[in-house]
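Colleague: Given the sequences, and given the hints that come with them, work out the whole structure.
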Amino acid sequence: MPPPGAPGQIPGRPPTGGGYGAPVPPQHNPYAQTSAGAPAGPYGPPQPSYYGPPQQPGVPGAAPGGRGGAGKAVLWAVVGAAVASALWGGGVVLLGRDSDKADLRGYTVKKNLCDSADLSAFTSEYPKPDDDPSSYVSDRPTVAEMYCSESLKKDASTYSDAYVTLQADLHRKSDPQPEFADRWRSYTDHGTISSEKYTVTAVDGFGDEAFLITQDTITTSSGSESGSREVMLEVRDGWMTFSLSWDAYASSLNDDSGATATISQATQWVKDATKATLPKLK
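Residue numbering for the sequence shown follows my numbering, beginning at 78 and increasing consecutively.
Do not take every clue at face value.
Think about it this way: if two alpha-carbon atoms lie no more than 25 Å apart in a straight line, the pair counts; the simulated SDA-like pairs of lysine to any residue are [unchecked claim]: (1) Lys274 - Lys250; (2) Lys357 - Tyr275; (3) Lys359 - Lys274; (4) Lys348 - Pro210; (5) Lys250 - Lys348; (6) Lys187 - Pro253.
Hints listed in this document are in silico derivations from the structure and should not be mistaken for laboratory results. Everything numeric in this text was worked out from a predicted model, so none of it was measured.
Modeller: Next up, the structure:
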């Protein structure tokens, strides 16, 4: 007989909470789901859900222990924008905001370079002017070229004793700076014998950079000269390049005019004429 006050309870057994209709505890139900963060039952910790990992409260779709997909997308967008901004800023610093604009320093196209040139530095040695100098201008979208050539004569000369040649180029689409120095230093590679070799010297006081190129092949035999002398001054001022050269050819036709001017004399004339002409091209 059951003891009084405990109807239906068998001594020595724990209470079941009911008969055959009583609910089965979750620990013995393989299909039961527990909520993340639920307190542990009397027989161990909560069992994992059979339908995926538990969700973090307040973060839809978040994986346990990490950021959600939306958070990662925002993070990468911020990083990408920062990198792009840094690269763009660096490009502006390195290349300049107007890196494609020609730096012509105020130089303009002249219809006749001979009319614009100041060659008065040569008149003390060659007072006779050229009655028919040669010139041309080519004004194209990428480059403008101006050219002038004049003969030089002494008072006693019947034929030309020397020539002066000028050329000014306005580079509108490409900066001549990277190749300018090598272009003129390469003259030291010209010539097959020592008497034909050129001397190249960097000079100051003309634009951004300038080179003086000289060659002297004149020899004297029995009081008569033969050969030639040449002096060239090459200038780069921004994207404008300028050349002024003096060439003299010794000839028996002008023996009565005296000896050919020296390299030193011609160098001074060339420098003076260049300094006087460049401002007239603006």
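Colleague: Which of the listed hints are broken here?
Modeller: 1, 2, 3 and 5
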